[in-house]
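Colleague: Here the protein sequences line up with chains A and B, keeping their order. Residue numbering for the first sequence is 8 to 101, as defined by this note's numbering. Residue numbering for the second sequence is 5 to 593, as defined by this note's numbering.
Fair warning: there could be bad hints in the mix.
To be verified - Calculated pairs, DSBU-like style, for lysine-lysine (alpha carbon to alpha carbon, straight line, at most 30 angstroms):
#, chain 1, residue 1, chain 2, residue 2
1, B, Lys589, A, Lys71
2, B, Lys329, A, Lys72
3, B, Lys318, A, Lys71
4, B, Lys492, B, Lys284
5, A, Lys72, B, Lys318
6, B, Lys99, B, Lys579
7, B, Lys443, B, Lys377
8, B, Lys487, B, Lys312
9, B, Lys487, B, Lys501
10, B, Lys284, B, Lys329
11, A, Lys93, B, Lys329
12, B, Lys453, A, Lys93
13, B, Lys579, B, Lys487
14, B, Lys501, B, Lys557
15, B, Lys377, B, Lys329
16, B, Lys557, B, Lys589
17, B, Lys329, A, Lys71
18, B, Lys284, B, Lys318
19, B, Lys470, B, Lys453
20, B, Lys453, B, Lys428
21, B, Lys574, B, Lys377
22, B, Lys470, B, Lys443
23, A, Lys72, A, Lys55
24, B, Lys312, B, Lys492
25, A, Lys93, B, Lys487
26, A, Lys72, B, Lys118
27, B, Lys318, B, Lys329
28, A, Lys93, B, Lys318
29, B, Lys492, A, Lys85
30, B, Lys579, B, Lys557
Don't read these hints as lab results, they were simulated from the structure.
Letter by letter, the chains look like this.
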Amino acid sequence: MSEQNEISASQLRWRCRRGMLELDMLLNAYVEMEYDNLSAEDKALFLKLLDYQDQELLGFLLEKKEPSDVTISALITKIRSICNSKFNCMKAIE
Amino acid sequence: MAAIQRRKFDTLIIGAGGGGLRAALKLSDADASVAVVSKVFPTRSHTVAAQGGMNAALANVLPDNWHWHMFDTIKGSDYLGDQDAIEYMCRAAPKAVYELEHFGVPFSRLDNGKIYQRPFGGQSQNFGGDQAARTCAAADRTGHAILHSLYQQNIRARTHFFDEYFSVDLLKNDEGHVLGALIFNIHDGQPIIIEAKTTLLATGGAGQLYRTTTNAMINTGDGLGMALRAGVPLQDMEFFQFHPTGIAGRGMLITEGARGEGGYLVNGDGERLMERYAPKAKDLASRDVVSRAIATEIREGRGCGPNKDYVMLKLDHLGEAVIQKRLPGIRQTCMTFLGIDPAEAAIPVFPTAHYTMGGIPTNRNGQVVMPVKDTPEEVIEGLYAAGECACVSVHGANRLGGNSLLDILVFGRAAANHIIDYLKENRYHRSMDEASVNKAMARFQRWDKKAEDGGESVSALRDELKAVMEQHCGVFRNDEVLKEGVQKIEQLAERLKEATIGDHSDTFNTARVEALELENLMACGLATMHSACARRESRGAHSRIDYPERDDKNWMRHSLYSFESGLDYKPVRTKPVSVDSFPPKPRVY
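Bound-form chain A, shown alone (with noise of 0.2 angstroms):
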């Protein structure tokens, strides 16, 4: 745990860079909306999650699919809830 406890904010928006620009804005949200929020569990959570499969993680985050560990569906729901305040207006749209 020592190491996840100094994950950085830049460490893990590194992580959130994938192939697909879906989940980079889905996690990238999480990161800057979230990240001094986190605790240091949280932030080993969120790493774990960042493991998934680009296909896999875009399931769970468009709620295609529902991820099997309770704590990671808890999480999707949470990355969820938090881009619904940042996407869902039209007044976001630059």
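Add chain B to chain A, keeping to what the hints say.
Modeller: Chain B in isolation, oriented as in the chain A frame:
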């Protein structure tokens, strides 16, 4: 400063998408020592996003042969594609599919056990006759399946991966031989010199040049920037494929299927805009027509929203049941990224940048070529390119669906084959030129300059670049708009030289990576804008309002843009390898 670490390999491959990994596998299986450098973990490369499939004339569903595939690709390219390379690709396609099958790609099957093939736009039987079915797919995750299979095979073949390393610049000697690259570890900021007898650029496209794009954030044209800085021109960069209906301000695709199901576009006055631009086909007109119509409406002040900078795609009249049954993915995407249920409200859309047809000029062996004196295609020893960053050119002015995965696999393999022969004749590393190393290090260290010197921010300049590209080199192009674009981007490039970053740490310094990426994007932007401004015709994806026709007499030639010489041109290779040429004809469907 401590001496820079050095590593030696037979081949350095920059980029770990399908093109890079296909080449790496062939080389590792031939017992070459191969380093693959990737700024992200390999299976997070953009190949993973390719859903459609891969073309090959297998004739499993409908009659087909490679010659018809070749015709369709040449016609699709609006006769700017090189016919020898296109013949090579179409002939090699079936073998490329079978190889992938052996590597473990789970292609979708027909009941008789053969590989399923779906019809795609631009495919025909008998040279423009009935629709063909040529696209092999692994459900809707073909790119993902290919990338993962190739990665696992490379692990088996003991390819050496440098994951999360960023490539700064190519290294050359006095004679112009490319001898590797300077890279650095994103984890700790430490530079490494990779000395290689051969270097393959496979870094993908540059969709991040545009504000609205389908491309992932990693698609920053890194190999294209490296090539330009190494004195290699970029070819046909004015040809950038746009999809008409991306989600405005976001970029994701809303497939043509939405309009196919009865969706239609409306402007800020609530009018069905396509009735004026394509009275017959209306919303089902071809991609370039719909894209231009949207851009024209916005330019003339008939856009929607507070800034009038998008139009609306209406689907709500179709009813919830139809949308849920036929377009469930689109519904979920809209709800996630807009908070809009298309069953209840219209979707804001804008043309979205999708694919870079231009790139680093290569021959069909993947060798990078450039004009030297009177020779239009002199080989640069030791340097290869494959995939979206390369311009072979098989896509010419417009790429057909299903041909991009094919391109990366066929030419990744072809480059590896040539490299294997090259390595047999070039058994020793050439001595490294320290001036080249110093130049690359200077670029790397240039971003150590402190912010108190008052430089502009990288992110602000990146936003400006994307806006300039969208406004001046998007789907609406004319002389006035482009000339103004050239001026603006030249000024932006100058300002970038003085920009600074706030973070000078070594550990995961993403600010430095983003600054280096912006330099690459700026290089691509310069090439794209200059090439587009000079080409006074409309061909494929390059559509000029002031020159609406294709002009084969003056413009059936490839553009070449370099920092050293500006614009130059070379002829299209109209002679195939073994069959007769396809002479240019009007491109009508």
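Colleague: Determine for every hint whether it applies to the structure shown.
Modeller: Okay, the hints, checked on the actual structure:
For the suggested pair Lys589(B) and Lys71(A), the alpha carbons sit about 45 angstroms apart, so the restraint of at most 30 angstroms is broken. Distance hint between Lys329(B) and Lys72(A) is fulfilled; the C-alpha atoms sit about 17 angstroms from each other, no more than 30 angstroms. Between Lys318(B) and Lys71(A) the CA atoms are separated by roughly 24 angstroms; this keeps the pair inside 30 angstroms, and the hint holds. At most 30 angstroms may separate the alpha-carbon atoms for a hinted pair to count; Lys492(B) and Lys284(B) exceed this at roughly 39 angstroms.
Between Lys72(A) and Lys318(B) the alpha-carbon distance is near 28 angstroms, which keeps this suggested pair within the 30 angstroms criterion. With a C-alpha separation of about 23 angstroms, the suggested pairing of Lys99(B) with Lys579(B) holds against the 30 angstroms cut-off. Proximity of Lys443(B) to Lys377(B) is assessed by CA-CA distance (about 26 angstroms); at most 30 angstroms being required, the pair is judged to hold. Between Lys487(B) and Lys312(B) the alpha-carbon distance is near 24 angstroms, which keeps this suggested pair within the 30 angstroms criterion.
The straight-line distance between the Cα atoms of Lys487(B) and Lys501(B) is roughly 22 angstroms, inside the 30 angstroms bound, and the hint therefore holds. For the hint pairing Lys284(B) with Lys329(B), the CA-to-CA distance comes to about 28 angstroms; that is within 30 angstroms, so the pair holds. For a cut-off of 30 angstroms, the pair hint linking Lys93(A) to Lys329(B) stands: about 28 angstroms separates their Cα positions. Restraint check for Lys453(B) and Lys93(A): the C-alpha separation of about 34 angstroms exceeds 30 angstroms, so the hint is violated.
As the CA atoms of Lys579(B) and Lys487(B) are separated by approximately 35 angstroms, the hinted pair breaks the 30 angstroms bound. The straight-line distance between the Cα atoms of Lys501(B) and Lys557(B) is roughly 40 angstroms, outside the 30 angstroms bound, and the hint therefore fails. Of the supplied pair hints, the one linking Lys377(B) and Lys329(B) is violated, its CA atoms being roughly 60 angstroms apart against a limit of 30 angstroms. About 13 angstroms separates the Cα atoms of Lys557(B) and Lys589(B), which keeps this hinted pair within 30 angstroms; it holds.
Among the hinted pairs, Lys329(B) with Lys71(A) is consistent with the structure: their alpha-carbon atoms are about 14 angstroms apart, no more than 30 angstroms. The straight-line distance between the Cα atoms of Lys284(B) and Lys318(B) is roughly 19 angstroms, inside the 30 angstroms bound, and the hint therefore holds. Annotation: proposed proximity of Lys470(B) to Lys453(B) holds, straight-line Cα distance about 25 angstroms (limit 30 angstroms). Distance hint between Lys453(B) and Lys428(B) is unfulfilled; the C-alpha atoms sit about 44 angstroms from each other, more than 30 angstroms.
Taking the CA atoms of Lys574(B) and Lys377(B), the gap is about 12 angstroms. The hint holds against a cut of 30 angstroms. Among the hinted pairs, Lys470(B) with Lys443(B) is consistent with the structure: their alpha-carbon atoms are about 28 angstroms apart, no more than 30 angstroms. Simply put, Lys72(A) and Lys55(A) have alpha-carbon atoms about 17 angstroms apart, close enough for the 30 angstroms limit, and the pair holds. Restraint check for Lys312(B) and Lys492(B): satisfied, since their Cα atoms lie roughly 23 angstroms apart, inside the 30 angstroms limit.
A hinted pair counts as satisfied when its Cα atoms are at most 30 angstroms apart, and Lys93(A) with Lys487(B) does not qualify at roughly 37 angstroms. Distance restraint check for Lys72(A) and Lys118(B): the Cα-Cα separation of roughly 29 angstroms lies within the 30 angstroms cut-off, and the hinted pair is therefore satisfied. Restraint check: the Cα-Cα separation between Lys318(B) and Lys329(B) comes to about 17 angstroms, which is no more than 30 angstroms; the hinted pair holds. Note on Lys93(A) and Lys318(B): the hinted pairing holds, with a Cα-Cα distance of about 23 angstroms set against a maximum of 30 angstroms.
Proximity of Lys492(B) to Lys85(A) is assessed by CA-CA distance (about 42 angstroms); at most 30 angstroms being required, the pair is judged violated. In summary, the hint linking Lys579(B) to Lys557(B) is supported, as the alpha carbons are separated by about 17 angstroms, within the 30 angstroms threshold.
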